[in-house]
Every structure is written in structure tokens, then in C-alpha cells.
Amino acid sequence: GIQVEQSPPDLILQEGANSTLRCNFSDSVNNLQWFHQNPWGQLINLFYIPSGTKQNGRLSATTVATERYSLLYISSSQTTDSGVYFCAVWTGKLIFGQGTTLQVKP
Amino acid sequence: EAGVAQSPRYKIIEKRQSVAFWCNPISGHATLYWYQQILGQGPKLLIQFQNNGVVDDSQLPKDRFSAERLKGVDSTLKIQPAKLEDSAVYLCASSFDTGELFFGEGSRLTVL
Numbered sequence: 296g297i298q299v300e301q302s303p304p305d306l307i308l309q310e311g312a313n314s315t316l317r318c319n320f321s322d323s324v325n326n327l328q329w330f331h332q333n334p335w336g337q338l339i340n341l342f343y344i345p346s347g348t349k350q351n352g353r354l355s356a357t358t359v360a361t362e363r364y365s366l367l368y369i370s371s372s373q374t375t376d377s378g379v380y381f382c383a384v385w386t387g388k389l390i391f392g393q394g395t396t397l398q399v400k401p
Numbered sequence: 285e286a287g288v289a290q291s292p293r294y295k296i297i298e299k300r301q302s303v304a305f306w307c308n309p310i311s312g313h314a315t316l317y318w319y320q321q322i323l324g325q326g327p328k329l330l331i332q333f334q335n336n337g338v339v340d341d342s343q344l345p346k347d348r349f350s351a352e353r354l355k356g357v358d359s360t361l362k363i364q365p366a367k368l369e370d371s372a373v374y375l376c377a378s379s380f381d382t383g384e385l386f387f388g389e390g391s392r393l394t395v396l
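Residue numbers (this note's numbering), protein chains in the order written: chain A, 296 to 401; chain B, 285 to 396.
One or more hints might be untrue.
[Said to hold, decoys possible] Only pairs whose alpha carbons sit at most 25 Å apart, straight line, appear in this in silico SDA-like list of lysine to any residue: (1) A:K388 - B:Q301; (2) B:K299 - B:D370; (3) B:K295 - B:G312; (4) B:K328 - A:K400; (5) B:K355 - B:E384; (6) B:K367 - B:I310; (7) A:K349 - B:K355; (8) B:K295 - A:V379; (9) B:K295 - A:R353; (10) B:K367 - B:Q301; (11) A:K400 - A:R317; (12) B:K367 - B:L344; (13) B:K295 - A:H331; (14) A:K349 - B:E384; (15) B:K362 - B:S342; (16) B:K346 - B:S311; (17) B:K367 - A:K400; (18) B:K328 - A:E300; (19) A:K388 - B:K299; (20) B:K362 - B:P292; (21) B:K328 - A:S321.
[To be verified] Here are the in silico distance ranges between beta carbons for each label pair: (22) B:L323 - A:I339: 45 to 53 Å; (23) B:K328 - A:T396: 16 to 24 Å; (24) B:L323 - A:G347: 14 to 22 Å; (25) A:Q309 - B:K346: 45 to 53 Å; (26) A:Q393 - B:Y294: 20 to 28 Å; (27) A:Q309 - B:W306: 17 to 25 Å; (28) B:Q343 - A:I339: 23 to 31 Å; (29) A:T396 - B:Y294: 19 to 27 Å; (30) B:E369 - A:Q373: 33 to 41 Å; (31) A:S371 - B:E369: 21 to 29 Å; (32) A:P345 - B:S311: 19 to 27 Å; (33) B:D358 - A:K349: 26 to 34 Å.
[Said to hold, decoys possible] Just some of the chain B residues that point at chain A, by a computed CB distance under 8 Å: (34) K299; (35) Q325; (36) P327; (37) L329; (38) N336; (39) G337; (40) A372.
Derived from the structure by calculation, the hints contain no laboratory data.
This structure is a prediction, so every number in the text was calculated from the model and none was measured.
We put the beta carbon where it would ideally sit given N, CA and C, even for glycine.
Please build the complete structure, drawing on both the sequences and the hints.
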């Protein structure tokens, strides 16, 4: 089956710093989503991005489907950005990566 | 617009007992999913419904897990008998078609 790999697995930032999270996938996909899992465990939709670039406030995402990767950019990070970030790809069902755990320190 | 509703939020049981989780999807969403998330891992699909029919249950441990969506709206996931390794968060999600998924807050199960 398709493999979804996220990097880095863990990331510690100082408040105000920028970061880039990467998601590689091993086969063609129909769509891709980025989620933020908050400390209470809920998965919050960030982007639905099969291809191209989208921006929402301090967050933006780019998917290059032909090269099988997606990037999530977080600018001017805040402590509330802490949590686990998942990418998930659709191949008839939604397959998740293992996540990137982000800690933003004040 | 109301989101995906799940209950209970937390459940603690002893091994070999049974437990049931309930999910109400976003209104109008035909597709409903149950995922299992073990601590430190990404969510794993257990079962996918399209209306009241099963699309994919290939990773559902059918000897102890069952799920139904009788009227094509609400769904129930049952575990009987529970094992220690079933301790996890059970996430329900829904989508209008097979596009963007929206998740509920999850039901956290602890098996002692």
C-alpha cells in the first residue's frame, strides 16, 4: 500500500519562529489534507490541497503531486500552534502519516 | 453548521467487557468513517460507510469489533470483548463525497 512519511518527527521552536513540515507519499493520490491535532485530541482541518498552494493566515501549504510531496509552512509561530500535525492522502481511503509533533516555547 | 458529534468522550472498562461508541455525522454527509488512533501513531481506518452500506472494513478486527449505520445517518461502533490493546481514541469522520473529511472530537477508551 501507499506509504506516507512526515518529517521531522519532532520540532521545537521559539515563539515567533518559522517552520516547514514535509509530507512525502509513495504513489499518486487523489487528494491530500493537512490536520492539526490539538492537545485534547481533536483533528482540525487545515488544508484540503490536492495540488497547488493555499494560504490561511499564518499557515500555507503547497502540494506538488507530480513529485509526490506536500509542505506545510507555519510563520510567526505561537504557543497555540503546539500539537501534532498530520498529513493524510486519499487513495480510495484516507491514509495518515505518523505526524510531526510541534512544541512552541514562549 | 454543526460538526461531527461523538459520545461518550471518555470510557474506562475492564478487559473482556463490552463498549459502544456513537457518532452523528455532519448533516448531508453520505460517507462516514471510524478510525482508531493508538497513542503516538496516526489514525488508522477501521470501517467506511457510504450511506448504510460498507465500503471498506478490511482493517476491522471482526472477531471483536462491529459497526452499523442502519438508517444511513448515525453510526455505532461496538467492541466485545475488549482487550488491553484496544485502548485508543476512536475517531468518527464524515464527508460529503469521498473528498474532504471532517472529524469529531473522538472517544477515548481505556481498557484495564
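Cross-check of the supplied hints:
| no. | hint | result |
| --- | --- | --- |
| 1 | A:K388 - B:Q301 | violated (30 Å) |
| 2 | B:K299 - B:D370 | holds (9 Å) |
| 3 | B:K295 - B:G312 | violated (29 Å) |
| 4 | B:K328 - A:K400 | violated (30 Å) |
| 5 | B:K355 - B:E384 | holds (22 Å) |
| 6 | B:K367 - B:I310 | violated (31 Å) |
| 7 | A:K349 - B:K355 | violated (37 Å) |
| 8 | B:K295 - A:V379 | holds (23 Å) |
| 9 | B:K295 - A:R353 | violated (36 Å) |
| 10 | B:K367 - B:Q301 | holds (8 Å) |
| 11 | A:K400 - A:R317 | holds (21 Å) |
| 12 | B:K367 - B:L344 | holds (14 Å) |
| 13 | B:K295 - A:H331 | holds (24 Å) |
| 14 | A:K349 - B:E384 | holds (15 Å) |
| 15 | B:K362 - B:S342 | holds (16 Å) |
| 16 | B:K346 - B:S311 | violated (28 Å) |
| 17 | B:K367 - A:K400 | violated (38 Å) |
| 18 | B:K328 - A:E300 | holds (15 Å) |
| 19 | A:K388 - B:K299 | violated (30 Å) |
| 20 | B:K362 - B:P292 | holds (12 Å) |
| 21 | B:K328 - A:S321 | holds (18 Å) |
| 22 | B:L323 - A:I339: 45 to 53 Å | violated (19 Å) |
| 23 | B:K328 - A:T396: 16 to 24 Å | holds (18 Å) |
| 24 | B:L323 - A:G347: 14 to 22 Å | violated (34 Å) |
| 25 | A:Q309 - B:K346: 45 to 53 Å | holds (48 Å) |
| 26 | A:Q393 - B:Y294: 20 to 28 Å | holds (25 Å) |
| 27 | A:Q309 - B:W306: 17 to 25 Å | violated (42 Å) |
| 28 | B:Q343 - A:I339: 23 to 31 Å | holds (24 Å) |
| 29 | A:T396 - B:Y294: 19 to 27 Å | holds (22 Å) |
| 30 | B:E369 - A:Q373: 33 to 41 Å | holds (36 Å) |
| 31 | A:S371 - B:E369: 21 to 29 Å | violated (41 Å) |
| 32 | A:P345 - B:S311: 19 to 27 Å | holds (25 Å) |
| 33 | B:D358 - A:K349: 26 to 34 Å | holds (33 Å) |
| 34 | K299 | violated (23 Å) |
| 35 | Q325 | holds (7 Å) |
| 36 | P327 | holds (5 Å) |
| 37 | L329 | holds (5 Å) |
| 38 | N336 | violated (18 Å) |
| 39 | G337 | violated (15 Å) |
| 40 | A372 | violated (11 Å) |
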